[in-house]
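Here are the chains, one letter per residue:
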Amino acid sequence: MSVAKRPEQNQTINYPLIVVAVIVWTVISVFVYLYGAEWFMPEAATVEADAVDNLFRFMLAIGTFIFLLVETCIFYFAVRYGFMRDKDDDTDGPPIHGNNTLEIVWTIIPAIIVFVLTIYSFQVLVDTTEAKDNEKEIKVTGQQFFWSFEYPDEQYVLKINHILVVPEDEAVKLSMNSLDVIHAFWVPAFRVKQDVMPGRTTNLRFTPNEHTGLPDPSVIDIYDPTLTVDQLDELDFGYDVVCAELCGALHGRMRGKAFVVTDEEYEQFLEGLREIEREKERQRQEALENLDALKALGRSLFATYGCNTCHQLTDANSLNMGQGPSLNGLEERAATYSGYESAEEYIRTSILNPNAFVVSGYSAGIMPQNFATRITPEDLDILVTYLAAPKDN
Amino acid sequence: MATNAVGVYEGTHEHAAEERTTWWEYLTWSTDHKVIGIQYGVTAFLFFLFGGTLALLIRTELYNPAAGDFFEGATYNSLFTMHATVMIFLFIIPMGGAFANYIIPLQIGAADMAFPWLNAFAFWLIPPAGFILLLGYAVGPAEAGWTAYPPLSAISPDGQTLWIVAVHLLGLSSILGAVNFVVTIVNLRAPGMGYWQMPLLCWAILATALLQILATPFLAGGITMLLFERIAGTSFFQSGGGEGDVLLWQNVFWFYSHPAVYIMVLPAMGILSEVLSVFSRKPIFGYRAIAMSSFGIAFFGFLVWAHHMFSSLNPTLRIPFMVTSMIIAVPTGIKIFSWLGTIWAGKIRLQPAMLFGLGFLSMFVIGGISGVMLASVPVDVHMHDTYFVVAHLHFVLFGGSVFGIYAGLYFWWPKVTGRMMSAFWGRVHFAFTYVGFFLTFFPMHFLGASGMPRRVGWYAEEFTDLNRLATIGSMILGFSTLIFIVNAAYSLLLGRKAGNNPWQSLTLEWTVTSPPPKHNFLEQPIPAVDPYGYGTEEAYAYLRGERPQITLEGGAHRHADSLADEPAGD
Ligand SMILES: [Cu+2]
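As given, the protein sequences belong to chains E and U, one line each in that order.
In terms of the working numbering, the first sequence is residues 1 to 393.
In terms of the working numbering, the second sequence is residues 1001 to 1570.
Bound conformation, chain U alone (with noise of 0.2 Å):
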């Protein structure tokens, strides 16, 4: 893996050098998509460490059955509430956001994203969300749940409605930057990438940009509602007393809020395909079954939302969300059978990114079977809000989404910073993760089966073993992160320097320096022809540096050259 491939636009960058950016860009307003990439990751990393030290006080507290050790009541509440709402509104979300701005436009040989100045306006809408979110602990911070279910949240104290507040403007964030995505993706490839020939990574992000413009008005819908039942005294949900249903709410938040899953886990797996492809050195096994069962799981995605309701929803109307929460276990399993099939006999590189894409798909596996068990409506009325749900999310948005995450950061941490992580830290790294994190959840399967609710400071001292197993798990995870920082803050200082394509990979965004610069492509990018083809004579032709001939639409065959003044999109 040591050796570089001479990229093809090398040495032609003589210029590039005073065109890097510089360190305060990333503090201020930019609308160049890389800059505002690494907003995106550098805000959503710092959310996931406030949101995992929640995480390893919630564990703290849960040492000893008793409530009170640290946290009592309200307070405890507040930690898990906060806890997931930043976790999946200001940690994966925008960490899908992250990946998406910086790597999309390389991937697809744009030099930009389609509309840089609302790029730059829906990252800019997070850092004041964050902060009036946190702006909560000044009144008393949510504290009903990150599903808020009135008429307990229409009651709850002030954070809520800063809660409230803060949602809105991630949400506006999470449907503008998705507009963006849909118009790059669409409009801006390279002359030569038809669709089909897009790597993976597009197509997750155009599934889910789609699943977040058409679902989180939903989101927005509800939590108006909510504001208004809290500062209107309207009553929706019955919190005034008199009129409204509390199931409207647990209606329009889960419609939301489901697709809110795949959401965040769409662009993990898009990235997993990246990953283990690469590293397999082999094609993506079924690459058009893996694009396709993103839009069947988007899809899908848009009839199951009552499952979440299977112990307050009218029992006929039960049925047919078990079915349709049965049929999306098909697409799943079609992903990740046809990513066992790209690593079979591959030649494997057990590269960090690696590992986490391993870790990925043998962790979420797990989360998909768990899931299978709880779409089943007679097992989830007994595992509904216990802590088997607890687990089983973790399986899918740790497990999946965060292992994904990693993967992601490993594989493009070259390109991003221009230097090498040392691996072997990065193995330990994965070590760590990985024994913390099954340590962490795993046990939670039988805690809530046995009879552990969910969001519960106090508990049956019966389920003391399991819960400080647990708890030591949440330390090896919180330590793991340690390293991780650690390892990356020497690669930016002192690591070594990446080259083009450190990992002989065959998708756009390799060909140019790393970092990239400023305007991307100093030339008419050409797309392999085919984006995983390792293994073919044209892949080791590419990564030589030879480019292959365009077809256009009529079959005329150009030579790339002619096509320079074609717009790359801009």
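Next comes chain E alone, as it looks inside the complex (with noise of 0.2 Å):
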């Protein structure tokens, strides 16, 4: 293409300035590739996380090649071609259509690029994912709004709602469930996640190197089956377990807490658990004589089985006005719906056929449909008596 009027242009490349953006870009990402991981990540508490996080400010360092290079440009260019230009000199730029030697270089280099992340985030993956000798394998349950954990153990079920613990240095495989919508459990400390679905069983694998201890029970007492989430965030150490897939309402308020133990304490936390297991078979014998025992054992169920994520009920503890109707003073009210014969037939038949009668103001099909698959019928049991026994608020 013939080129006419084309006006002087200063098209020589500065090369000085060149090399010298070149070697502040650099100078930059190295110090990004020193420090990213620190501005970007939380505490790093695994094996893993020291692995993702190299992987990361190696990216970021690139990134933040690429980033300069690019924006340096068009500034430069909106400055020197637009901001400084001779405002009298209507013509055009140079008719430059393209170059192919330009044009293949960033093709090139961009795909060697991508080759070398691909293959560095390969190593990565496999690496941080392999299952590994020894795994202690803890089961995860997630359903609105809140994690439970069931450690292995040969004589009891061992559970607990809202805290994971576990060993430091030793290999832990995570295998989860959900037993209602997706979750996805997320401990930012250990950069592993893992969608919780209904239906699938997922498996999650990290090795813990950072130590926290369990909290004082002076201060807290985790064994509490009514403790809330609440009030473990008020602890200044622990690493929080997150909900990251939206569940539902509360899904921001689905968190927990993971505490990383030495061996021995790992052992003491399983016999607190266990205690409690025994204590509770003690309750259930005697709660079959003695009211105040049983309500002791009710107020534990209502929190185990996450009635209190949507339930306010003043004598469990339970304080939050969630997505279901204050269970205040229903065994007054529980009495005086028709239809029912007792005020324990109404109660019982709202947890394992919600809809049956939905309370006005409320919508069908919030409350979990599936307790009567998920409530043991001696739980069943003590929880409707709870619920219908007179209470002092």
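No lab work stands behind these hints, which were simulated from the structure alone.
No false leads were mixed into what you were given.
Selected chain U positions facing chain E (in silico; Cβ < 7 Å):
1) I1334
2) M1373
3) V1456
4) T1536
Which stretches of chain E does chain U cover? Using the computed rule of at least three CB atoms under 8 Å from a CB of chain U, they are:
5) 71-81
6) 198-205
A virtual CB, placed ideally from N, CA and C, is assigned to each residue, including glycine.
Using the hints, put the two standalone chains together into the complex.
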């Protein structure tokens, strides 16, 4: 194409400037490589976290270089050729249609970069997810809106809500299920995340390496079944367990705490859980005769099955005004509904088949429909009796 | 820039005035692509304002860590669900339709779209769809996120059913519009415009339309299953409790919704190519590479859907999707560098359109870089479903698409309305948008990486400062929109008359009056041999009004006049 009226144009490439720029970009990128993980990432508490952080800051450094290159060009060109342009010059710029060498370069170099990143990522992926020997397996259950953890034991079902305790420097494998919708188990400090789905068991592996210990019982009693997430949030140590997949109204409050402990502390913790189970057994026996004992057990079941995530019940230390009606005064109210023989029958029906009678002002389908399969018959009896029993507020 | 080129057809239009479109045509059924383009644009912009208001409500709630300052639980969830749904399906995608409708026939020298009736029909699906979506507020709006993952979406309130119906209609609209664009671009180009003479917006719309036609049916299939899940008791996705698989939805949904990201960004990239070249007064650098990289992106766009599922997908299956997601960075990089090559050594006119173009380039690249990080499985496993992803997607969809849309609005405003917009207030608008955007979304990278999940109305105290910064940024961003509206309104009423070609552009839409006459071209349009040949003798001649000879297939040289009877496409 012939070029006419081509204005003189200073198109000589300013090599010294380019060299200076490249040096500056490189220095900044190296700096980002050294500190980038600290700026972005939370504390790291697993072996995997270190690997992920290294990969992250490597990518961040390369990204920074490209970012600086592009942004410098944009701002330099805008100022040099736009802002500082001779405003009386109405002519066009030089008719350059392209440059094969350049175009090949900026195809090949990014291709090489992403190739390297892919290989590196693949390596980290394999290292961080492969199965190890002697993994400690812990079962995780997600439900609206809390996590519960079940620790392996020969004699009892050692289950606790909100609290994950893992031994330091030992490979842990979580095997996870959801009782309702999809949740995602995430511990930012561990850099691991896995969706927890109904109908599928998913696994997550990591090796914690930063000890936290367990909370002092005088500050917070982790075995207290009515312990709430808010109380746990007040602790200044322990790693946050977060639900990362939208799971409903209280998704943001579906949280827990993870503690990394020594082997002895781990044993102690399990022993504590066993003691709770023994205590429950005793209570169950007693409850059949004694109302106070039954109430104590009822309060704890109210939390164990997550009724407290939706229902206010002052007697059970559930103060939250969540998605369901307050159950304060339920015992009196329940007796007044027609069509049920007793308050107990109404309450039992409300739990097993929530849509049979929908409290006005609430919509059907919010209260989980699957308690019939989740609550053991013994527990259900106790829960119903507890809810129907008179309380002091 | 103030000089108005004397367009070729100026003066031949004494009778054009009687044919001016009356205002009520914009409110009723019209098959004129220019009317439809404006209908798309205005409707989309109104939804933009609505979606933006929802975004400001979200940011207001997030000013404090505790939930329930203003919104809580399900209500809060409905805010971001509706925000995303409105922005994606009722703003960005229809806005692409607005530009394509108005500009494409003019750019290729056609009198209208290939199927004008279908075109009108595609548009008129949108208002009822929007109405149905908003009707959700009467029965409890959708609140399961725009991704609507079952089982949650199967048990959420009735607004979710309306959401499905609305998205169905919008999907249909999108497919019908796209069919029309493909047929129009392939068949109705003026003689003399081969594929390689096509403006890059046409290439971008062609690639977009192919994506829409191929991908949207999957969305339709997915939401049909979801609909049955809700109203007919099926159990495709485990929501009934027994059979089915929750991942089925995610696969089908993302098989559409990943390409949808490109449906949203490719038209903006097309706009960017026009704007950067015109305002740098330089040919686009690597025309073919830019045109073809759109198709590279479109093709690979179909092979990366599962990178949205890196924390749910079977672990071994994550690897191939990591590879494809990484590869897609290459054509994207080609575009970015080609655009840099375009502005290099140009004679840059810093008009508002150009500023938004440069803004696009400088922000989109951040979204591209964070995108590569997210393509890496181990990093994504940590970042997935956090504010890091929220940052990434807004750098792509706001930094990219919305900046591109603004660039396009400023660029074609004089053509569409016949009046100039104040460049000064345009620059002010840009400054507020740029700063507000950056303050809103950049801190989110840190929030997400350090542990804040997305879609929460509550967050840990340690995240307060950065959230407040983001909220303040969003207010600036919201305010900037008002500047634009006032500037636009002022221009409509009192703006300076624009003339045919205020930007001295070489593409065909600038050869006719502003606004263009009813049937676009009163004479056979003759495209420039090179639509981006700025700086060449041919370009100066073209802008002076001299038309090139047209080479027809078979090598015969003829003057344009003798082509007057050839169909311009109708
Ligand atoms: Cu959850």
